[in-house]
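**Student:** What follows is the residue order along each chain.
There are 4 protein chains.
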Amino acid sequence: MTWHAAYRERVLEPDYTFASRHLKDHLIDALVAHVRTVAELPAARERGGVVDALEGALVRVRSAPTPPYAPTVPDLYYAVQHVVAESVGEEALGWLRLGLSRNDLDMTIYKLRAREVTLATIRGLLAVQAALLDQADAHVDSVMVAYTHHQPGQPTTVAHYLAAVASVVERDVERALQAFARLDTSPMGAAALAGSSHGLDRDLTARLLGFAGPVVSTYDAVAASDWQIDVANVAVSVSITMSRLVCDLVAWSSQGLLRVGDGLTQGSSIMPQKRNPVALEHARTRFSRALGAAQSIVLSSHNIPFGDLNDFGPDVQGSLQTLHNQLSGGLALVQVCLAESTFDDDALTRSLERTNTTATELADELVRIGGCPFQDAHRWVGALVARMANEDRPFALAEPADLIAVGGPTLHPDVLRDAVSPHAFVARRTGLGGPAPESVRVHLRALRDRSDEYHGAVDHITARIEHAAKSLRASRKDVTS
Amino acid sequence: MTWHAAYRERVLEPDYTFASRHLKDHLIDALVAHVRTVAELPAARERGGVVDALEGALVRVRSAPTPPYAPTVPDLYYAVQHVVAESVGEEALGWLRLGLSRNDLDMTIYKLRAREVTLATIRGLLAVQAALLDQADAHVDSVMVAYTHHQPGQPTTVAHYLAAVASVVERDVERALQAFARLDTSPMGAAALAGSSHGLDRDLTARLLGFAGPVVSTYDAVAASDWQIDVANVAVSVSITMSRLVCDLVAWSSQGLLRVGDGLTQGSSIMPQKRNPVALEHARTRFSRALGAAQSIVLSSHNIPFGDLNDFGPDVQGSLQTLHNQLSGGLALVQVCLAESTFDDDALTRSLERTNTTATELADELVRIGGCPFQDAHRWVGALVARMANEDRPFALAEPADLIAVGGPTLHPDVLRDAVSPHAFVARRTGLGGPAPESVRVHLRALRDRSDEYHGAVDHITARIEHAAKSLRASRKDVTS
Amino acid sequence: MTWHAAYRERVLEPDYTFASRHLKDHLIDALVAHVRTVAELPAARERGGVVDALEGALVRVRSAPTPPYAPTVPDLYYAVQHVVAESVGEEALGWLRLGLSRNDLDMTIYKLRAREVTLATIRGLLAVQAALLDQADAHVDSVMVAYTHHQPGQPTTVAHYLAAVASVVERDVERALQAFARLDTSPMGAAALAGSSHGLDRDLTARLLGFAGPVVSTYDAVAASDWQIDVANVAVSVSITMSRLVCDLVAWSSQGLLRVGDGLTQGSSIMPQKRNPVALEHARTRFSRALGAAQSIVLSSHNIPFGDLNDFGPDVQGSLQTLHNQLSGGLALVQVCLAESTFDDDALTRSLERTNTTATELADELVRIGGCPFQDAHRWVGALVARMANEDRPFALAEPADLIAVGGPTLHPDVLRDAVSPHAFVARRTGLGGPAPESVRVHLRALRDRSDEYHGAVDHITARIEHAAKSLRASRKDVTS
Amino acid sequence: MTWHAAYRERVLEPDYTFASRHLKDHLIDALVAHVRTVAELPAARERGGVVDALEGALVRVRSAPTPPYAPTVPDLYYAVQHVVAESVGEEALGWLRLGLSRNDLDMTIYKLRAREVTLATIRGLLAVQAALLDQADAHVDSVMVAYTHHQPGQPTTVAHYLAAVASVVERDVERALQAFARLDTSPMGAAALAGSSHGLDRDLTARLLGFAGPVVSTYDAVAASDWQIDVANVAVSVSITMSRLVCDLVAWSSQGLLRVGDGLTQGSSIMPQKRNPVALEHARTRFSRALGAAQSIVLSSHNIPFGDLNDFGPDVQGSLQTLHNQLSGGLALVQVCLAESTFDDDALTRSLERTNTTATELADELVRIGGCPFQDAHRWVGALVARMANEDRPFALAEPADLIAVGGPTLHPDVLRDAVSPHAFVARRTGLGGPAPESVRVHLRALRDRSDEYHGAVDHITARIEHAAKSLRASRKDVTS
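Protein chains in written order, with this note's numbering: chain A, 1 to 481; chain B, 1 to 481; chain C, 1 to 481; chain D, 1 to 481.
Computed beta-carbon distance windows for the label pairs:
no.: 1; chain 1: C; residue 1: R21; chain 2: B; residue 2: Y78; range: 26 to 34 Å
no.: 2; chain 1: B; residue 1: R21; chain 2: C; residue 2: A120; range: 21 to 29 Å
no.: 3; chain 1: A; residue 1: A405; chain 2: B; residue 2: A43; range: 23 to 31 Å
no.: 4; chain 1: C; residue 1: R21; chain 2: B; residue 2: E116; range: 23 to 31 Å
no.: 5; chain 1: C; residue 1: D344; chain 2: B; residue 2: A43; range: 42 to 50 Å
no.: 6; chain 1: A; residue 1: G407; chain 2: C; residue 2: Q321; range: 47 to 55 Å
no.: 7; chain 1: B; residue 1: E116; chain 2: C; residue 2: A120; range: 32 to 40 Å
no.: 8; chain 1: C; residue 1: I369; chain 2: D; residue 2: E453; range: 49 to 57 Å
no.: 9; chain 1: D; residue 1: E453; chain 2: C; residue 2: D344; range: 53 to 61 Å
no.: 10; chain 1: B; residue 1: P67; chain 2: C; residue 2: Q321; range: 25 to 33 Å
no.: 11; chain 1: D; residue 1: A386; chain 2: B; residue 2: P409; range: 50 to 58 Å
no.: 12; chain 1: D; residue 1: A457; chain 2: B; residue 2: E116; range: 53 to 61 Å
no.: 13; chain 1: B; residue 1: E116; chain 2: C; residue 2: E9; range: 15 to 23 Å
no.: 14; chain 1: A; residue 1: P71; chain 2: D; residue 2: D346; range: 28 to 36 Å
With a Cα cut of at most 35 Å, we get these calculated DSBU-like pairs of lysine-lysine:
no.: 15; chain 1: B; residue 1: K24; chain 2: B; residue 2: K470
no.: 16; chain 1: C; residue 1: K470; chain 2: C; residue 2: K24
no.: 17; chain 1: D; residue 1: K24; chain 2: D; residue 2: K470
no.: 18; chain 1: A; residue 1: K24; chain 2: D; residue 2: K24
no.: 19; chain 1: B; residue 1: K24; chain 2: C; residue 2: K24
no.: 20; chain 1: A; residue 1: K470; chain 2: A; residue 2: K24
Over 12 Å on every C-beta distance to chain D, these chain A residues come out as not near it, computed from the model:
no.: 21; residue: P42
no.: 22; residue: A43
no.: 23; residue: E46
no.: 24; residue: R60
no.: 25; residue: E116
no.: 26; residue: E170
no.: 27; residue: L352
no.: 28; residue: G371
no.: 29; residue: R417
no.: 30; residue: H455
no.: 31; residue: E466
What the hints contain is simulated information worked out from the structure, not anything from laboratory work. Treat the numbers as computed from the prediction; the structure is a model and nothing was measured. Virtual Cβ for every residue (Gly too), placed ideally from N, Cα, C.
Starting from the given sequences, assemble the full structure and let the hints guide the process.
**Tutor:** Below, the structure written as structure tokens:
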């Protein structure tokens, strides 16, 4: 077969290079698992020696350098076949090809790779969450002004903010684990789409590859691409979560509240004063690009028939790889930016000095103490805010006379001072999930506990996969003896 | 306050109209739940009469026509406030506003709406799955040629195909239920973002609204938009699944294998012979548009700070509504197209008569019977396919002499006939998830059983929500007595 | 014909409602133009009275209320046919249907609508540009610090920034006009796709509808959807341009440099001190949603055959309408936010007082005066920036001794003061497109001049279209006499 | 400066590798052009020898191997600086850095690259168009059935279809050229964003780099990313055009009408009969991935301030490269699939034998000859279609008696035969852009003529760019002498 040069250069060779780099081990694993399943067939048992030799040949292919791309082979699987045939002969190769199609083989390899990559995403998320929780633990008492609509909103604490983001990240971990569970099934044995008439034990192959089990329907096994949409969707969710966090980190850095570590900034070739928190910008773009890669993956399955396997097979692997690179790169950058940055306590304090964001609490206090309708309280406090601003005096220094001047009731000076203090504002909000240090600590502890559980789940899965890989990569005798 | 005409016309008035149409009941529900929570505060108990009157006023607002948009109010909540104040006075209104912000109120209303819409999606998916399973049950024995790469691939059955798609749909149901679980939490009591200092019982409000519980962190409660990304992602997954199914249904209709019901086709104003399966096309576009709406939702949260609540608040509701319309419309069309279409048995039979898609099985048979390497078998059968095509004879009519002529072994005529028969091809594939009728029946039964479980889960959630709504809409006395 | 209820409710009725609201006038225009073209056929000339009566019937349909949706008609065109037949009989209707297909008719109507909408976008862009230029004219001397990487970069002027954005907007105007030119061609006469055998004068119909000319190929005329991709792409470009402008306006508003007009802000129900520049946020989201709508339009044509006309026909009109609403809404909001906002001169001045962003110029000055390599100059100035920051002294107050202390050369105090003055920094940058007032004025004048030309082009097109519409809506006698 | 390992590994090193591979020549070109512009400054003229030496050093950097990535340099520009300084000393380097920022330098390099890539896209489009026109020339008389809504619509010719697609491709060429014109402007001399105070001649630098001219505003020059959106939008338009063409090619291949060249197909490892037109599938996916890459580019500029240069600077280059790879790969595959495929005349003929798609023409003929209303004609022909189908007789064999039997008028047998003949159907459609051979030939000639003009425009631009590159890469003396 001679392929057109354009087809070789645009499709076959780059796919071969890609497979050699990212998929070879998974390919050998899948073939070994298949061979061991074939070996259980009665006919094969009679020819055990040949099948053993076949596995031996695959083991040698694994450790040998990948054969360079040759214009006569369509893909890496054919190249491996060729080496195997040369090594152990055509009959042995026949046992390898028995009941095997590139359809189920490819889809299995892609899922093995997706499993690896999704676990890396989950670990990246847990690392970001750990960095958030570490900073939160250290800043349970660091009062800051939370902005809403780009304007100062209400006092809260750095920890309250970080714990909220850590909650979103936790949900992203959950999403990723649910996506993982759906892709953790083995297509092997589905052959072209109808299975084979050889009675291969698909449960066994799945177990050998460390999958939770086989995809039941053989048609579903090779033709469904929804597990890729899951991977794309996780990336979308994570990228949006992270883009919003980065937006705030950049703004805090711009306002001088957060100092990003030196090793994560860059100067300017022309502006000597510059110290740009570039790692954050580069993280942001990675998430934008991950969103685009996710779109590539989704579009590759859009308006195509169930039986078209190239679109979400070899052709989408590059997009999955880009998605992984961008996502893991972005998570790694966010994690180090969190770990290597310091909040500037002086700057936080300065930002509180002139704040009027405690206005809500003063209104609430007037309701509680004075028993007046919230309507009136809200109106008086609005007027007080305006009065203090007009006189260029900090809201926190308002005196009882000021309140009276705007038509409000008489408050004791201590009561008023407390009501307009950002620290008191925070301290009073002790309800479920509120910013008061004791509330935040309860929340952080719960997040830590569940984080431990997620780590446990990931470790458990990893152990299962590694055990399977080790068994497949050990000599067959070691395994069965 | 007088807003600029552009702001009124472009933002306030359309949002008011939208809220009046889609969100009013949820708004009243949330306010009643808040009032009942306020009523539990010691200070409120002392003033029970006022709080009772307040709830009464809200009940009247519910049943009264929505006040028309007025240029002096920013939104429906303010309009309701105004009516309440006129009805029961400023003091009562003060109790309503106590510890309540439009931030937590809005986010609660949006989640109540999203809950409703997501349940509708799940029901739509289950209806499509039921239509798939019904057709599958009726076509377990209908052999057809499955295409791969747009070329005839292997024989299978209509039921095998439909069951595979039903499996993907089942995973979409699972995705939607997982998304539902994450959005089924109440933001109420989070106020602007820091909760309040009034000690409101956030668990109680959540329970009154039929939520699984409150969002723990008050900041998370108002600032996180990830539940919307979940809704968008479910739409993406469903749309891709459906776009692929529709692609095949359209192709089968084009080939004459599937006759879409008359009530789902249209003729042409200029081509008298036309009978277009337009409902399928219209379904396809709805899924394309749902993908675009999903992108709108994702982009609305892209690169915005955690504290910007308009983007994923009022401004994204139109996109969520479009997404819902397109998705539910598409699912309804697919469901009726499946239910109202018939497979043309004659056309299926004709398509099998000349098929050479059993070639794989003949090769397998040669391996099994002749003990030859699969390599040789594959090569002989390839040559046999070419020979029969050259002689313009159906592959199924190949005779032992033909096989010999291409260098292959001698087969008994019966063995050969069976090996190239599409029906035998299918009948032999009895392994897990294979197309043989008994395998497909096992798979269909499992899908039905799990479908029952999903129906049960949805009914259970619906009952909880409806019970809460009924309680909120009943007079308070009825509830507490 | 009785359609399935799902098909009627999900497709036919909403499409009918949409067409009645947005497309009716275009439908009648296209039909009148077609009838006048038919009237030129020899056979029709013989039956002139009938054809005249036909046009009369169409005129009456235009002015009568649209018939309500009836479950027996598939679309508005059929409803119009029905009314016409009742009014002037079947023979007259036959002349209407001669050589006419819903394919060319629909595509024509959609392009007439797209023409309208695209011109509105261009006018919206020119209005935003005018607001930018007006503010720029008023702030040619308002020095401000330009940020790069979210950190203070270099001094420039408000006008320099605004003129740069006005340049991008100018290119968006150019894009929109180029897209307009491509869609300004008439599909009429293409019939189903192969034209007709009646010899209809397609140039005439195009001219009657005010198009620049007919789409040459009849197949292209009905099957190409690229003009929609153009519309979507213009929206993408405009939305990104605007999203970046809004980002800066929001940041300036957050920093107190820009005060958005009162009529474009909102307060808080719980935070009495709030004054949120919400119109900017709502603009931002409109552009995000326009991006999603653009994606819907693109996806509707993705992986569909050339002959599928529903996807980019009736089914995509809702997306085009959403795109238009969001885009025009966003542009209107940005325009008023620019027109109704004021830059706070005091705040700008305060932001300059402590700036060290003139560091580049001091380095340049050292090169020019001292003849030292830029390397050394850059290093000394970097050290000077650090020294002044450490001593908490404004960089602009650096003295010759400070420069010497960091190893630099001796400068005359006046030279140093000038070199670190933001105003001098700006004044010296008089090169092409630089921030110096005289440079900016040259740029602004050129932008104004070209803006006048764009306005002229739009007016010219509008006049052509309005003239055609007027002729079509006048009685035929008035036109021909 | 020591950067954090995560920053080096995730950002600096991959960017360095990318720049070394794709951008080095452009970097040197831009630096040489800058140096020659600096050389025109009076101060530099005095030091001519140093500036000459500087250019010499850059020439040597160009021809030397790129220095390997070192963890102490942030990017390739710094690495080049370092080599230059070592070669010709710090003073010379100072002249290089004068008035130069990485901002204008980077943006210039990226535009030089984008120019190259966009020209390649235009050439790829023209090659596809040429292949379409070649096949069209050869199939002006090949009658085929055009499908609408996936059902047989009307007869036309292969050439009529291909010419229609060639028209869409022509508009894509126009789009790409317009995008090219907008990006063909030089940012050089804009420095960080405010230009410099050195009086560098920005027109000269632009001319030296073969740009049409400089970007006027220095702020616009470095901060605008709209030229990237243009590149992305062209890719979107081209991808959609191509996805639709591929959809039809795949369908024709599936129906046996089109035989894709052997070198562009693949067999199956398990299905011996297979001959999959895989090159078409791989083309399709490339366009889906190009759409995703376009989205990445768009999103990288979404909701970021005007002053953030990393997002659409280094960080988006990978997306632009992916977009280019996918787009050029897809175009190359489509071009060879068109050039290396043959239409199967027998299959086309067979598909016409039983067609009823001439029904429209029979109705038209009845109107013309019989003078009956189109209504009646349409109804009679619809009934005739049904009658022939019921009796399983080809529509083309209908006889006058059949027409009478369904209530229609009496036609002469010759007239009837002609009216239902696909070839006559086509031959009669001689109007502007119709399928009749003479009409299609006129259209094809016009497309060829304009294609020549487009080729001329591209050659002209290429010559200008190559001349500039040659001058920059020649020794300065050769240029100026």
